[in-house]
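**Q** Listed below are the residues making up each chain.
4 protein chains.
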Amino acid sequence: MKKSPWHEECGVFGIYAPEKDVSRLTYYGLYALQHRGQESAGIAVANGQKIDTHKGMGLVAEVFNNDNLQTLKGDIAIGHVRYSTTGESSLVNAQPLVFRYLRGMLAIAHNGNLTNAAKLRQELGAGGSVFQSSTDSEIIVNLIAKHSQEPIEEALRHCQEELKGAYSLVVMTENKLIGVRDPHGVRPLCLGKLGEGWVLASESCALDTIDAEFVRDVEPGEIIVIDSEGVRSIERPKVNNRAHCIFEYVYFARPDSTIDDETVNLVRRELGCNLAREIKIDADIVIPVPDSGIAAAVGYAEVAGLPFVEGLMKNRYVGRTFIQPTQELRDLGVRLKLNPIKPILKNKRVIIIDDSIVRGTTSRRIVNMLRQAGVKEVHFLVASPPVLYPCYYGIDTSVRGELIAAQHPLEEIRQYIGADSLHYLSIEGLFKSVKRDAENFCAACFTGNYPIPIPSPEEATKYSLEG
Amino acid sequence: MKKSPWHEECGVFGIYAPEKDVSRLTYYGLYALQHRGQESAGIAVANGQKIDTHKGMGLVAEVFNNDNLQTLKGDIAIGHVRYSTTGESSLVNAQPLVFRYLRGMLAIAHNGNLTNAAKLRQELGAGGSVFQSSTDSEIIVNLIAKHSQEPIEEALRHCQEELKGAYSLVVMTENKLIGVRDPHGVRPLCLGKLGEGWVLASESCALDTIDAEFVRDVEPGEIIVIDSEGVRSIERPKVNNRAHCIFEYVYFARPDSTIDDETVNLVRRELGCNLAREIKIDADIVIPVPDSGIAAAVGYAEVAGLPFVEGLMKNRYVGRTFIQPTQELRDLGVRLKLNPIKPILKNKRVIIIDDSIVRGTTSRRIVNMLRQAGVKEVHFLVASPPVLYPCYYGIDTSVRGELIAAQHPLEEIRQYIGADSLHYLSIEGLFKSVKRDAENFCAACFTGNYPIPIPSPEEATKYSLEG
Amino acid sequence: MKKSPWHEECGVFGIYAPEKDVSRLTYYGLYALQHRGQESAGIAVANGQKIDTHKGMGLVAEVFNNDNLQTLKGDIAIGHVRYSTTGESSLVNAQPLVFRYLRGMLAIAHNGNLTNAAKLRQELGAGGSVFQSSTDSEIIVNLIAKHSQEPIEEALRHCQEELKGAYSLVVMTENKLIGVRDPHGVRPLCLGKLGEGWVLASESCALDTIDAEFVRDVEPGEIIVIDSEGVRSIERPKVNNRAHCIFEYVYFARPDSTIDDETVNLVRRELGCNLAREIKIDADIVIPVPDSGIAAAVGYAEVAGLPFVEGLMKNRYVGRTFIQPTQELRDLGVRLKLNPIKPILKNKRVIIIDDSIVRGTTSRRIVNMLRQAGVKEVHFLVASPPVLYPCYYGIDTSVRGELIAAQHPLEEIRQYIGADSLHYLSIEGLFKSVKRDAENFCAACFTGNYPIPIPSPEEATKYSLEG
Amino acid sequence: MKKSPWHEECGVFGIYAPEKDVSRLTYYGLYALQHRGQESAGIAVANGQKIDTHKGMGLVAEVFNNDNLQTLKGDIAIGHVRYSTTGESSLVNAQPLVFRYLRGMLAIAHNGNLTNAAKLRQELGAGGSVFQSSTDSEIIVNLIAKHSQEPIEEALRHCQEELKGAYSLVVMTENKLIGVRDPHGVRPLCLGKLGEGWVLASESCALDTIDAEFVRDVEPGEIIVIDSEGVRSIERPKVNNRAHCIFEYVYFARPDSTIDDETVNLVRRELGCNLAREIKIDADIVIPVPDSGIAAAVGYAEVAGLPFVEGLMKNRYVGRTFIQPTQELRDLGVRLKLNPIKPILKNKRVIIIDDSIVRGTTSRRIVNMLRQAGVKEVHFLVASPPVLYPCYYGIDTSVRGELIAAQHPLEEIRQYIGADSLHYLSIEGLFKSVKRDAENFCAACFTGNYPIPIPSPEEATKYSLEG
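Residue numbers (the working numbering), protein chains in the order written: chain A, 356 to 822; chain B, 356 to 822; chain C, 356 to 822; chain D, 356 to 822.
In case anyone wonders, no lab produced these hints; they're calculated from the structure.
Careful, some of the hints might be misleading.
[What the hints assert, rightly or not] Listed next, the in silico DSSO-like pairs over lysine-lysine satisfying Cα-Cα at most 30 Å (straight line):
# : chain 1 : residue 1 : chain 2 : residue 2
1 : B       : LYS692    : A       : LYS375
2 : C       : LYS531    : A       : LYS474
3 : B       : LYS669    : A       : LYS692
[As the list claims (entries may be wrong)] With the Cβ distance kept under 7 Å, some of the chain B side facing chain A (calculated, not the full set):
# : residue
4 : ASN620
5 : ASP686
6 : GLY688
Bear in mind that the values here come from a model prediction, so they are computed numbers and not experimental data.
Even for Gly, the Cβ is constructed at its ideal location relative to N, Cα and C.
In isolation and in its complexed conformation, chain A is listed as follows (with noise of 0.2 Å):
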């Protein structure tokens, strides 16, 4: 199984805010968006005349201070987050991208992956483009100025026809803010109003952190214009079928966002009540694994009728300069990220539920401090289905690269966890936790029905950067 040569997940911003503090208003819509991305973060801001911008590598609060943001004024502002990846992280690819092209300026934030990026990218270079990133952006960007010949809603309208794959952008000019969403709708982006103002931004939850109200989703395929005259929606390509990315609310996404009207924490936690219902095992308490396990064990225990239980106590303050312990220290037991409680888990018959495995050593590491703390029997329970499928549309597949559930079957995993039993929850069971039906999501990486066309092998060989 090959997995994507691109492999990013993003958060994007966007507001439109005369006589606001926009550049600060941004900061904490990324600040909200900060689970999406945490290797570099930029904002740019237009002030009808030009667009100024500050990037750099880091978390939000790392990236940005007074000084830097002082000097972002303006109307508007997009921002962005980036998700850590090994090899590809440095500044070059941080965004928004901001450039002068045949019109003016240009600044632009993308979440998602393109499938023709390779295709893409050897097209433009042959028409004299050139790349100092290794972006999706910033091969949008050259399609663009493909198109400078025509104002800059058309030129988006046509470059929709070219791009293939999973995008949500924000675009800014100097004087109009625009966002975009691709035709099947896969990366998650919402309307929201401040005032006489308007929000763009990837996750409800960024709304609500500057206290702007919630419009709607943008439609898949749409292009939202906002600009002094309001704001106003291009006709949409038609639509054949909505694939929003189911994995975005069993994992990815905050749980406090609704997307795609669909609240994340809820959807977590009937994820745990049809487990439940699928899976009874006759144990003492339930423990989540912190903290993307709580939501689903909450409604597990509900359901089961077990006492819910803090097993397991997480340490917050790991940041990204700390001394990991050498493989020396770690044998001797240094634990640094999670620590069980021994008095609650001592001769206990204890379920733990998480919402996925990946690779399973994460699984693994749990299961045996849960054996040194004394448990009886330890249950582990999955609130989704085995991820069997790489991710071509932009949820990163480097980390979710070695994936435990294609390689090996079900009984294999389970001695590799060292468990006394393990249960995944059916696909069935997945899509009875969404309130709409199973045709409206992309849930490739459990079924491997991938509703966009993927790369052959040989193209991406063949257009691939690394090739």
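Since the structure of chain A is already known, use the hints to place chains B, C and D on it.
**A** The following block gives chains B, C and D in isolation, referenced to the frame of chain A:
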């Protein structure tokens, strides 16, 4: 009511383990104690000949890196984290304090608060002592030096006679590690074993982190000496009464620690259970104030037979360099730390549970948040009694300074925070939640019964450095 | 008089030396060229497969450390230092510029200034090019990409036909190092040999620093290609006339460099000698404005038969983070950079020698300083003619913007700076100080004879990014 | 030959100027004294009530910024720069030292070296003193505290009786500035006037920098007290003999300073003149080792009637973070600090002049460099006598440790450095170069006549902190 002039809460750690990487183990130990102090961190290492040290402002992970850790080579190490309080925050107050006196080198790390600090400072000054910091540690150091004709063990025994108040100390010479706890055992200190070596720590979670085995709590008044001969305990002064700080269980200590035979998480859950037994309310859901109210809310929900729900999402990325919103933005509704999940809360009758109320401003903000999210009723329940008296034994009363419960009757507080009802746990309920009898604890902040004499206002003024 | 819209002065370096530590050698080479630019520094390294790069704001020693240098492994490297100018100072303008185009990767570093930059930018934009910086380098890069169907050597040959102005370039592909000098040879570029390897540098002092042997200057219009086949020169366009910048000798280049057959220190000394032949003054001592006036002052003193004396002490510790005195403190007489040695100056008739006068403010301050130190007379002699015209070929005219000599007659300048007399070297004296004939040099800043057509004010405005 | 156990050279500054920005003026004063110490810098400010301080590692411009300077408000300030020596370099040794003792707060900054430090430390320790640093200043502080029953002026008078060695101190209480110089006046200290205020500084160049008027040198043994009553001098102990350090003139002090009536630059020039009178050589040019040899070379050239030429270029951008070349690169000829100007040196008979030779390694490297540049002959002349004895009074003998002249006869040294001839100035020539008689100076490093008793090897070992 005058507040204590010296307000600090800290964590201490010590390890005697020749042939192990003691500085790195101390780093991980301090990291586990990070919740006890985020202002500064320091590690001192003894190698039989001399003591090296490194200290800095900030979190453990910010102060230390591979380079400076590698300069700290030796067989014994002690470490310290210090709580952030305004005004006194500077590197000169960071610990361990390392100094040279007649008998060689000595390092010391201190958690607690002396009640006769001003008087001792005055007396020592009259004898020619000089002070470079405002810490109690420097007083203890100079007191030890006054007894420099005696071996360190005896000097500490004599110091114990002169020191009044709360203190848990780790002391290190070139070749000994020594732990000292005050005669009432106010602040915690425990002993662990790591292979052939020994560990001292404020809380057992620091032992867990480095996989050391918990041996026992250091006894009130005990002096434990660890060197190449092994561990020995020096006869301790007759103890009239234990006075373990009950607030450690209510709020300060880490849930996974077991202190003086009580597991913190279990105490907190029991506080919630007892609260449910005392206060019955007709409601739809129970939600915690994250993270400190979670255990009590789980306990409450279980006893009350109501669903436990995560109704507030906490953003975990706030760091020290984060740009706080201006008052203007706060008025606009910018809220960063907590976000209510509206679809969960709307039209619900909500019981919200927190560990304690100090000034009431946070509670007020939370209730307001819930109202905006559309709750039908909000009942604010506190899993401890009202805080009525300041602490003189080392819990920071600068943030606990304006104690709302000491100034206003219950109904006024309820109106201030805007809840439909407000209830505290009773003193009896508090003591029912711990296993041992009430006379083993200091609960002065709730009851006003101070187990150790506190300085009179005149004394405090007379000797105060700042008067 | 309108000033040039693009004002930069920079230093470039390139090395082809498989099996040597090319990034570190580039570091030292750039360090030797640090006087040519202190705003930003960058190094790119090619290893046959790809190009890695690191850039940053500040001095070479600030931008690079062992960690980031060690990530730059390869056989070929190029480097760049950039001059600090207000307004355009940002990381996006730092060089080398590294990019990917149809034929692979390319890195480029540029010293000079294009006179048709605005026009090229416009034309390229119309063809769909996008620009992320305001540098000429990005124009050149896009121009190369337009010729991406051709091998790089031919592409550069065709670019040379379209580029107007002054440019010395080092270009690097995955396996080639290429040096390009404009057809007039305005900015310097020389070739050196290091063992089996080859070096290109703005000035010979960079060759000396790494002990490379000076081979020859790159010829005006020459394209030098260095790869595994060795060194070859591409036939260059017919050159009508050389136009080496004479200001490099007067002020800009390092005294120990030899550029186009003239050793800078010797030229400066000769400028002083010729000044002494032209201007004879009855005085007691000759003092330089350190450091730029030293060589001329030594030459003057020798010819005039007067003692050369260090009358002004320069403080060498001023760095970028230095807190400049407020106007109030400056009025109080706080002076940081230069201090007169009173016992040397008191009651003396002093000749003070500087390399040039631009705005006159520094000269005025120095004369005032000497007066306060008690000199009897002060004669200000300038070892070059008055600067009357702006430079369009890469010398920063933003600091040379308000040219006092272009605005005021000699007597007014003398009164302004407060000297008893003021004298400049003649144009004839200037040309007598170099070995070759006047027609080999560009002395447009002194004479107004621009060897390469400069943009008309309309053009400059029409195409300007900032207009 | 044993080297001194305590090796530091420092600069001190103090200002009493209510209503002036004393911290900023101290910043500029320290900046002028930066050559006396680059390891650490600190400023303490008194406002009548208390003393605030800020210290850090590095240059003045690195330690201070607008933010921390603005926290230092008051009427009086003292400052300190400390020399970089390996091993003892840490923040705990940075000065001023600020402390609280019986009578209030005190700050102290010290230049010099006590010869009875070990003995005092021992005695004070026996009385219960503790030491946190290895500085003499902390000894002085504890000695003052022993006399805390007396007013500070008397305490200092009594301390002066117990302190042996070289010391220039600035001391500050909440409302007084005090200057103290040891009875022999080894280290410099002078008094200046700034409007209604007063300034104390190690060298007059610091007065010049802030435009303070030089009043006079502080007398050996004098205690100067400055407060709201004005300036007064305390009767000083009978001085047997002055012993001003002659090495300050030869190398250490800034050329533009006038110390104890001798202008440093004039002394250095005169050293060169006397060298020319003693040593006559048939040569073509005279070149200095920049910067320290310039004044002497100018003097030599003038007397010898030979041309003074800059034959070596010094790169001025070397900072603390600069990556030094590996031995391998150094063997390859990488040379960073100095570059010979070949066209000037080739085939010349060169006289090169330096201020002194310590270990000979730099001289050897320079001669080798000149040979490679093609000189015909190189004559190395030293403008001071051979350094034969270590300094116990505050000049760093750790870098002056392996004194080549103390170990080898002249001819061996000549061979080692590789010169055609090597000559030193005579002791007589040295003393002829200053205005006052030899008995006013300490020239122990040249003569071995120590004016203050030095510790016997046994004593040094017995009391040494490091023994």
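**Q** Each hint: holds or not?
**A** Here's how the hints hold up against the structure:
1. Note on LYS692 (chain B) and LYS375 (chain A): the hinted pairing holds, with a Cα-Cα distance of about 22 Å set against a maximum of 30 Å.
2. Distance check on the hinted pair: LYS531 (chain C) and LYS474 (chain A) sit about 27 Å apart at the alpha-carbon level, within 30 Å; holds.
3. Under the criterion of a C-alpha separation no larger than 30 Å, the hint pairing LYS669 (chain B) with LYS692 (chain A) is consistent with the structure, at around 18 Å.
4. Hint status for ASN620 (chain B) relative to chain A: holds, with the closest Cβ pair at about 5 Å, below 7 Å.
5. Using the Cβ-Cβ criterion of 7 Å, the hint placing ASP686 (chain B) at the interface with chain A is not satisfied: the shortest such distance is roughly 10 Å.
6. Hint on GLY688 (chain B) holds. Least Cβ distance to chain A is approximately 3 Å, under the 7 Å limit.
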